Structures are given as C-alpha cells and as structure tokens.
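**Student:** With chain A held as given, fit chain B onto it using these hints.
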Amino acid sequence: MNLEVYNPKNTEEVLDLLNSYKRDAKLIAGGTDLVLDLREKKIKPKAIIDISNLDELKYIKKDDNYIEIGACTTFTDIEKSEILTDNLKGLKKAASEVGSPQIRNRGTIGGNICNASPAADIVPPLLSLDATVVIKSKENIREVSLEKIFLNKGKIDIKEDEMVSSVKFKNIKGKLGFYKLGLRKALAISKIATAIYIEKEDNICKEIRIGNGALGRHGLRERKVEDYLINKEINEAIIEASATLLSGEIEKRLKGRSSLEFKKEAVKGTFKKAFKDAL
Amino acid sequence: MKEIKFNVNGKTHKLNIKEDERLVDTLRNRLGLTGVKEGCSEGECGACTVIMDGETVTSCTVLTFQAKDSEIITIEGINGENKIHPIQKAFLDEGAVQCGFCTPGMILSAKVLLDKNPEPTREEARKAISGNLCRCTGYNKIVDAIIKASKYLKREGN
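Top to bottom, those sequences are chains A and B. My numbering puts the first residue of the first sequence at 1, with every later residue one more than the last. My numbering puts the first residue of the second sequence at 1, with every later residue one more than the last.
This is chain A alone, in the form it adopts within the complex (with noise of 0.2 angstroms):
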C-alpha cells in the first residue's frame, strides 16, 4: 500500500494537499469512524491529512449577528463552552452526549456532520438552528444550508477538494431543546433524537424548527409538524395533536422497516420531551 500522512500546519496547507490529491485523500479529524474504515478496508486512501490538531478551526465565536463553530471543535469544547448560553442548552446537551468522554474527547462537529450517520447527534440541534455550514477550497469558499448538504446515507454534498471549515447560525431569542433516545445513557448510538427550536409571545408559537435524527437517511427538518404548530397557542392538547401528526409522517417514511412499530411510538415521547425542554 502507498500510503502518505501529512500534519499540515493550517487550513492552506489542507487545502493544497486536497487539491493536489482530490478523491485520493481523506481528512482524519477525530478519527472515531475514519480509523475503523481503514481497518475494515472500506477505504483505501492514498493519503491522509490530520486536522485533529489545526487549532485555527478550534474555536466558538460569537458576534451580533452570529455565533460560529470551526470544524476541529470537539464535543467536549461545545459540552462547555461558555458562548454557548442556556437558551442553547440543546446543543450542549447533544455534544454532551454522544459516545463516551473519550470519543468527545477527540470526535468533532465537523466530522460529524461530514461522516452524515443517519444518527449524527450533533446535526438535530443545528437543523433546528437552521445552521449553514462553510466549505473551502483553493480557489473558493461557500456557504451552504445544513439542510441542504445531505445528499444520503454517509453522503454530503461536498466536492473532493473541498473541506468543512465551520458551521454557523444565526443568535437566537427563542430557546433549543434536545432530548436522544438511546440504549442506555453512555455509548448509545441514538434510536432517535430530537431537537427542537420555539420561538414563543404570550404562549403562541411564532417561530418553531424540529430537528430529527435516526428517522431517515440523514438528520431532516420535520416541515408538516412545524406548519401545524405556526401562529398556535401552546397547550397540552396542541403538544398531544402534534406528536400524533409527527409519529403519522415517520409511518409514511420508515415504511416497510423493521424499526417502524418502535419508532412510530417512541417519537411521540422524544417529540413531547424535547418540546417541553424548549419551553
């Protein structure tokens, strides 16, 4: 095997060495799913570039309009970060949660948005942030909407010189809540996860985004639910009537699968926790 490593010192040198390289480099970050490739073979890169330790795409910044993620950051910089206030306490708790300290430790949201797991944790939260991810290359740098990049299963729609260099999205008002439903609490790849955004005036809802993962292909935004729940009052009834309306749409889309029974029912919980942790 003719296999080169590279630790480039900054974001030119990655993007020259992808450039030079195209579809033959893979980017390692955290490592947590792309040492585990290699091993099993399912890739055969001809060269690896290491950004685990580019500290300029180490950062949470925010300014008066946005706040910003660069892709490096690991789960455990987002669990404590002091940017990220309590009205956002559904991101932090979604970093939170994934894997184990030790994959916190290393994973980060770039790659996790980049691997695109259908049960990513950290890209619910950010759907319902409605967050637009940035992507470099030698020549250019675009911004795209997070929702948008999801191409499929393990599939974003990224081009082979190109790399995530952060994630942003817009201050809020509201508040973000977050609520996975897994195996048990640490190390569990989630059955579902839910995020949701609400922005509220006197109890009616002016603004709400419903993130899910472990529903579909990729992470998606829950349309029909949020058309539903625009410009009503929040009550019990409407929380109930919704989680009805959502657990209809994951029957018409897990069709056919063997998780359906399960998932149709567990939504209608994850949906009514996670909303009532954005209230």
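Take the hints with a grain of salt, since some may be wrong.
Stated by the list, open to error - Below, in silico cross-link-like pairs of lysine to aspartate or glutamate (EDC-like), each with a Cα-Cα straight-line distance of 16 angstroms or less:
#: 1; chain 1: B; residue 1: Lys18; chain 2: A; residue 2: Asp50
#: 2; chain 1: A; residue 1: Lys41; chain 2: B; residue 2: Glu19
#: 3; chain 1: B; residue 1: Lys2; chain 2: B; residue 2: Glu19
What the hints assert, rightly or not - Negatives, chain A to chain B, calculated, CB over 12 angstroms:
#: 4; residue: Lys22
#: 5; residue: Lys62
#: 6; residue: Pro118
#: 7; residue: Tyr228
#: 8; residue: Ile230
Since the hints were derived computationally from the structure, they do not count as laboratory data. Everything numeric in this text was worked out from a predicted model, so none of it was measured. C-beta atoms are modelled at their ideal positions from N, C-alpha and C, and glycine is treated no differently.
**Tutor:** Frame of chain A; chain B shown alone:
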C-alpha cells in the same frame, strides 16, 4: 514508514511507524506498554484508554502519526516506575479489580477526573468512567475506589 517524535510517560521517543498504525499498536508492540489493553477495537469499551495531552482518548481510534509532538501517559507511567499511585492503592483497597482488563483504562479516566476535580461526587465519578466498560464489578466498587482515591490524594497534599 514515517518518523514521529512524541513523549510517552515522560520519555521522548523517536519512532519509525507505519502510516496507518494505530496508537494502541505502537504503544503495545513498539514500546512494550501492554498495560494498554485492546478490547473492542472500535472506541466503545475504553480498555485502550490513554491520556493524550491531558485528556483521555481511546488509543484504538487514534492514528499514531496524529500523536506527533503530543504527551501520552499510560498506566505504566502514572506514577513513575515500580511505585504505586494513590488511585491504584484505592482500587486495591476497595476490591475494585476483578479480572483487571478494564482497570488501566478506568484508573486513567479516574486520574483525569481527579486532576480537574479533586473532590468529585459519585455521580461525577460515574460520568467520568462512562466510557470504560467493566463486565465484572458492577461499577459500585470502582466508584467507591475513586471516592477513596480523592481522599488519599488530599491527604498526600496533591
């Protein structure tokens, strides 16, 4: 082959490694640090836990070339050679070791916790070892040992 330099247990090593070599293999096979155990090989069980630049990592999901210039501590280096560390003493005193396979990783996770939080609650201790699976003890004795270790360390004035 790729040459890398890093520090393991206080000693600087310059090694020629395979490009896709995992840290667990380098530590066990090139440096003979067999206290680093390999269990699941997929970052789930925590047996291969080592401390890398002050944080716990599963060494089966780190490629060695990524550890360039880093500082690594394994169970062998937790307290210098042939000297028992207060956390190790607490594990022995509380009977927190049965088959022992998870123990090196457990102790290293406990060390990072106690370095940052010298007087953890039982809940904090449980969270700190939530990435280390033990199939023998039922965890209670391990948590007891971590709480006892915090007292030993306090007495030592560390």
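**Student:** Hint numbers the structure violates, sorted upward?
**Tutor:** none
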